[in-house]
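Engineer: Using the hints, build the complex out of the two chains.
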Amino acid sequence: MNAFNAVLLRDLRVAFRRWSELAHPLIFFVIVVTLFPLALSPTAAQLREVGIGVLWVATLLSSLLALDGLFRSDADDGSLEQLLLAPVPMTMTVLAKVVAHATVTLLPLLCLVPLSALSFNIPLAALPTLALALVLAAPTLSVLVALGAALTVSLRRGGSIVGLLVLPLTGPLLIFGTRATDLSVNGEPTAAPLLLLSALAVLAVSLGPFAIAAAVKVGLE
Amino acid sequence: MPLKMRLDLCYSKTKVNPIGCKNDRVGHNPRSTGASLLLMTEPALCGRELAAWRGDRCLFERLHFDLGPGQLALLVGSNGSGKTTLLRILAGLGLPTEGAVTWRGVAVGELAPDERGEIAYRGHLEALKRDLTVAENLSFHAAVWGRSQPFEGVLAELKLSGLAHMRARYLSAGQRRRAALAMLKLSRAKLWLLDEPTTNLDREGRGVLAEWVRGHLRDGGLAVIATHQPDEFAARGALMIEL
Numbered sequence: 481m482n483a484f485n486a487v488l489l490r491d492l493r494v495a496f497r498r499w500s501e502l503a504h505p506l507i508f509f510v511i512v513v514t515l516f517p518l519a520l521s522p523t524a525a526q527l528r529e530v531g532i533g534v535l536w537v538a539t540l541l542s543s544l545l546a547l548d549g550l551f552r553s554d555a556d557d558g559s560l561e562q563l564l565l566a567p568v569p570m571t572m573t574v575l576a577k578v579v580a581h582a583t584v585t586l587l588p589l590l591c592l593v594p595l596s597a598l599s600f601n602i603p604l605a606a607l608p609t610l611a612l613a614l615v616l617a618a619p620t621l622s623v624l625v626a627l628g629a630a631l632t633v634s635l636r637r638g639g640s641i642v643g644l645l646v647l648p649l650t651g652p653l654l655i656f657g658t659r660a661t662d663l664s665v666n667g668e669p670t671a672a673p674l675l676l677l678s679a680l681a682v683l684a685v686s687l688g689p690f691a692i693a694a695a696v697k698v699g700l701e
Numbered sequence: 395m396p397l398k399m400r401l402d403l404c405y406s407k408t409k410v411n412p413i414g415c416k417n418d419r420v421g422h423n424p425r426s427t428g429a430s431l432l433l434m435t436e437p438a439l440c441g442r443e444l445a446a447w448r449g450d451r452c453l454f455e456r457l458h459f460d461l462g463p464g465q466l467a468l469l470v471g472s473n474g475s476g477k478t479t480l481l482r483i484l485a486g487l488g489l490p491t492e493g494a495v496t497w498r499g500v501a502v503g504e505l506a507p508d509e510r511g512e513i514a515y516r517g518h519l520e521a522l523k524r525d526l527t528v529a530e531n532l533s534f535h536a537a538v539w540g541r542s543q544p545f546e547g548v549l550a551e552l553k554l555s556g557l558a559h560m561r562a563r564y565l566s567a568g569q570r571r572r573a574a575l576a577m578l579k580l581s582r583a584k585l586w587l588l589d590e591p592t593t594n595l596d597r598e599g600r601g602v603l604a605e606w607v608r609g610h611l612r613d614g615g616l617a618v619i620a621t622h623q624p625d626e627f628a629a630r631g632a633l634m635i636e637l
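Keeping their order, the protein sequence lines are chains X and F. Per this note's numbering, the very first residue in the first sequence carries number 481; after that it's consecutive. Per this note's numbering, the very first residue in the second sequence carries number 395; after that it's consecutive.
Looking at chain F on its own, in the form it has when it is part of the complex (with noise of 0.2 Å):
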């Protein structure tokens, strides 16, 4: 019985405009009409037609949207409903079943590696070497990223700075979170896609992290944030995704 009525969501989905603004599941947040202008000159993340299954299960099918700079997407819906599904799919690291997903007009699975710097996608995991201590892991994404500027302003911001010379392997689950948003804060990409980024932080830390993402939209950044909290990021002109 679940299966069939997760095939009749799937059914109702495919029915919806096609453009996607205007249904209950895919679409402006009410506020957003400033923003909706802006991005009809210049979307810079397009997603089109997008589907994702697994196995026999529908995720999301039929999902369209357009980001442009400064502009906020929010993806919510509950847990295994494909938030970190359609993140990966954005970030190029998984295919959709159907559909693709363009970053300034390119394929994102084709980006050249100059182009693919302008991603950045935080997932679950930390991404850090538990052998290594904060400061090395955070030069080492540095130097593979291109960018060598002193990360101790950004330390001192996530109140770490006691903590650089420390091995990632004696940090709290909230102090690796905070460590990863630091080599996000540093990678100065234009797009963020962030998975739950506020998991394991503190009221501070999620603080912290509001502001740098009204930061980066405000210099003209994009961000794709899945989240259970939207009134964290909540921002004019913000895209709700619901799936």
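Extracted from the complex, chain X is given alone in its bound form (with noise of 0.2 Å):
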């Protein structure tokens, strides 16, 4: 457990002396949440009805754009090596990167998004269930940008097969996610497509990070 506080409080500390690198994903999000309306005749109806998708196709898409750093920075300056050779297990070191990598990328855009539907015309009676279906995606969206992190961390130039490899897996994040945010705008029970996005997060959770290590070894090899 002091080595997972380790790497953690590591990571956060990093990250946080890097800052402006944190917020390219966030201004990413931004911009594509601004220029959707700006592509659609904006009236408040239209705007109501493609707002649910375009928020979470955007989260998703600026959650890639944060991934590089995850293992690449590691691996070029030995760190990821000698965290391989460490007298601890992979999965909680790799557990404990990923739970940092989230909260410094996701956590802020989670903060966005429900900001940003309002500008989408979004009922407020339905932002905390938007709120809510996130923080139940996050762990397994986070566990997804891992893996695709790990598999290329071998590969120089990475971006952009880790979004081929990723962005697929994350059809049922979007269709259970989208889903509970369209039936809360119409007022109806939203139970069923939460407590899917809840499986999905334990799934990824107890079984993402030995897939992680697993791939994190291999590349390095």
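Honestly, the hints are just simulated from the structure, not real lab data. The structure displayed is predicted, hence computed values, not measured ones. All C-beta atoms in this analysis are idealised placements derived from N, C-alpha and C, irrespective of residue type, glycine included. One should not assume that every hint holds.
Unchecked claim - A few chain F residues that face chain X, going by a derived Cβ cut-off under 10 Å, partial list only:
no.: 1; residue: D525
no.: 2; residue: W539
no.: 3; residue: L565
Claimed, not checked - What follows is a list of derived Cβ distance ranges for each label pair:
no.: 4; chain 1: X; residue 1: I507; chain 2: F; residue 2: R582; range: 40 to 48 Å
no.: 5; chain 1: F; residue 1: T491; chain 2: X; residue 2: L649; range: 28 to 36 Å
no.: 6; chain 1: F; residue 1: R451; chain 2: X; residue 2: L518; range: 55 to 63 Å
no.: 7; chain 1: X; residue 1: H504; chain 2: F; residue 2: V470; range: 45 to 53 Å
no.: 8; chain 1: F; residue 1: E636; chain 2: X; residue 2: P648; range: 26 to 34 Å
no.: 9; chain 1: X; residue 1: D556; chain 2: F; residue 2: G499; range: 40 to 48 Å
no.: 10; chain 1: X; residue 1: A503; chain 2: F; residue 2: E443; range: 53 to 61 Å
no.: 11; chain 1: X; residue 1: R636; chain 2: F; residue 2: T491; range: 19 to 27 Å
no.: 12; chain 1: X; residue 1: L541; chain 2: F; residue 2: R597; range: 47 to 55 Å
no.: 13; chain 1: F; residue 1: E546; chain 2: X; residue 2: T514; range: 49 to 57 Å
no.: 14; chain 1: F; residue 1: P544; chain 2: X; residue 2: I507; range: 37 to 45 Å
Structural biologist: Next comes the structure, spelled out in structure tokens:
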């Protein structure tokens, strides 16, 4: 547990010392979300209709933007191979890194989404459900993104391939997330898609670290 | 033509004595009789029939060695001869094409986390986070390796005391190398695997490192060092592995 905290704190510290990089996904998100109303004829009803989908897709895309730093910088300076050799299970190290990464990239994004929702004329009453769905989707998204980053750690230019690898896997998140938000906009019960999102989160967090650790090991060989 | 010559070399290697102690490629330093008796009793690091290929190029084959407590192995060979590959295999970071490496009887790839802590590998990369200070890098290393002894003494020995609170990005290449060696010294691993550790070090730094290696061996530690200047580490009973 000591080592888990050490990795977590180190990654947070490094991230905050390079804070300008943290802003990139957020700015990207704001730009994407602003471009859609410009491209569509912005009647209030139409905005609300596409808004939910746009918000979710923009969230997925911006989370991809931040993933390159997750393992790449550690691989480049040799810390990753030292972590592999350290007397700590790699699954724990990987989990700490994913938690740190999610804290600095997804958390600010999650705060932005409900704000942007207002600009799409999504009713205030639906915001708690939207936020909850995002929070439930965040662990799965982090694990998928980390898996993509781990699989491409040995590639010099992994950025474009990661999108191809990870985006198709985010399909279920997108479906259940937009469904939950949709239902709550229409005032219907949202338990089913939210429970499915939670199930995915449990699955991702329990199995994900093993897959990510294995991918890192293979990548460094 | 170069490929053929390389293959010929491999072929000649396959014919050498599998124990690998009496041939011209892999063998003991003539002064090693005492140490080889020691390692007969308790070899800790064993390489068995190791071979590594890069594509269709053979780096080494039928490499066979035992290393016991207090013993040093020096890997020498020209650039690209497979020194780094062999060290990474010994560390468990790479897999040999053939053969196996064991540490205290367990294959290095299957060591439990605790046993893994007995092996320290220092490669070409220093593993310093550039945005953290030297002190933060060292305390992180200590926390992960479960050692939290003060590092001021080690930093003073390396003449890094004044730089402890400077971010690693502002260090020179030699200073970064010294900081990486501080992590090695603080790890208290039994087996040191060092890949050209004197790169970028000045004469003084090389002296400190050589002294540390001697002290480590005296304390019953083992070391495998890839180097182009084997004389700097020459120790009694050193095993010379020529790749």
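Engineer: So, for every hint listed, does it hold in this structure?
Structural biologist: Hints, one by one, checked against the model:
no.: 1; hint: D525; in the structure: holds, 4 Å
no.: 2; hint: W539; in the structure: holds, 6 Å
no.: 3; hint: L565; in the structure: violated, 12 Å
no.: 4; hint: I507(X) to R582(F): 40 to 48 Å; in the structure: holds, 46 Å
no.: 5; hint: T491(F) to L649(X): 28 to 36 Å; in the structure: holds, 34 Å
no.: 6; hint: R451(F) to L518(X): 55 to 63 Å; in the structure: holds, 57 Å
no.: 7; hint: H504(X) to V470(F): 45 to 53 Å; in the structure: holds, 47 Å
no.: 8; hint: E636(F) to P648(X): 26 to 34 Å; in the structure: violated, 51 Å
no.: 9; hint: D556(X) to G499(F): 40 to 48 Å; in the structure: violated, 35 Å
no.: 10; hint: A503(X) to E443(F): 53 to 61 Å; in the structure: holds, 54 Å
no.: 11; hint: R636(X) to T491(F): 19 to 27 Å; in the structure: holds, 25 Å
no.: 12; hint: L541(X) to R597(F): 47 to 55 Å; in the structure: holds, 54 Å
no.: 13; hint: E546(F) to T514(X): 49 to 57 Å; in the structure: holds, 53 Å
no.: 14; hint: P544(F) to I507(X): 37 to 45 Å; in the structure: holds, 43 Å
The structure is inconsistent with the numbered hints 3, 8, 9, although it conforms to all the rest.
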